[in-house]
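Here the protein sequences come in this chain order: L and E.
So the first sequence is numbered by the working numbering: it starts at 1 and just counts up by one.
So the second sequence is numbered by the working numbering: it starts at 114 and just counts up by one.
Hints are computed from structural coordinates only; laboratory data are not their basis.
This structure is a prediction, so every number in the text was calculated from the model and none was measured.
Take the hints with a grain of salt, since some may be wrong.
As the list claims (entries may be wrong) - Here are the computed lysine-lysine pairs in the DSSO-like style, where the Cα-Cα straight-line distance is at most 27 Å:
1. L/71 / E/124
2. E/170 / L/56
3. L/56 / L/100
4. L/71 / L/56
5. E/124 / E/170
6. L/68 / L/100
7. L/56 / E/124
8. L/56 / L/68
9. L/68 / L/42
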Amino acid sequence: GESVGLHLPTLSVQEGDNSIINCAYSNSASDYFIWYKQESGKGPQFIIDIRSNMDKRQGQRVTVLLNKTVKHLSLQIAATQPGDSAVYFCAESALQGAQKLVFGQGTRLTINP
Amino acid sequence: DAEITQSPRHKITETGRQVTLACHQTWNHNNMFWYRQDLGHGLRLIHYSYGVQDTNKGEVSDGYSVSRSNTEDLPLTLESAASSQTSVYFCASSRGGTDTQYFGPGTRLTVL
């Protein structure tokens, strides 16, 4: 499989800088959110998730922030590396009826040397 | 290592033909899913299964069917392929509940 060439929102950052990728969701009943990374020719890869009872969660070099008031999700990547170049998708679901993920359109992140 | 595989990786077929895409996982996951990915869209859910003999329709199920006769496999069948079904298809699996969905490498299907 391959990443479909999408006319996506794009974000270009310098290597070593921090990246912030944003996502708006529409379903106020959604209470579980996930970020996936998709490299060219590969399937989506799980990065980090967060439940609606939290507003921040940190992983290795990544942080997800959730603002339920404005239905906004963001992914922060610290000290971006060339390997971070990919398309990033947010996904949402309701815990009841879990696992029925609804994906956003994605953001293409490009790292400049 | 446990994994999820899809076959074929690329397929070209003609309008009206029946096509089956295979998905196989060795994690013994209960849940399996099929998505399609198109220009201008993220992944959209086609069908899903929470266990053997269980199948459910997703957001874009028209023209597709699945069957779950064992834990490891969830084949996706296009009964009569249409050009609108040209897409990249991804299979995913998870243990259950809110556990992470793990995706296969995808199948690029072209319907001429």
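For each hint, the structure was consulted:
Straight-line distance between C-alpha atoms of residue 71 of chain L and residue 124 of chain E comes to about 39 Å, which puts the hinted pair past the 27 Å bound. For the suggested pair residue 170 of chain E and residue 56 of chain L, the alpha carbons sit about 33 Å apart, so the restraint of at most 27 Å is broken. Note on residue 56 of chain L and residue 100 of chain L: the hinted pairing holds, with a Cα-Cα distance of about 23 Å set against a maximum of 27 Å. The straight-line distance between the Cα atoms of residue 71 of chain L and residue 56 of chain L is roughly 14 Å, inside the 27 Å bound, and the hint therefore holds.
Distance restraint check for residue 124 of chain E and residue 170 of chain E: the Cα-Cα separation of roughly 24 Å lies within the 27 Å cut-off, and the hinted pair is therefore satisfied. Our distance criterion of 27 Å between C-alpha atoms is met by residue 68 of chain L and residue 100 of chain L, whose separation comes to about 19 Å. With a C-alpha separation of about 42 Å, the suggested pair residue 56 of chain L and residue 124 of chain E falls outside the 27 Å cut-off, and the hint is violated. The hinted pair formed by residue 56 of chain L and residue 68 of chain L meets the criterion: a straight-line CA distance of about 11 Å does not exceed 27 Å.
For the hint linking residue 68 of chain L to residue 42 of chain L, the alpha-carbon distance of about 31 Å lies beyond 27 Å, and the restraint is violated.
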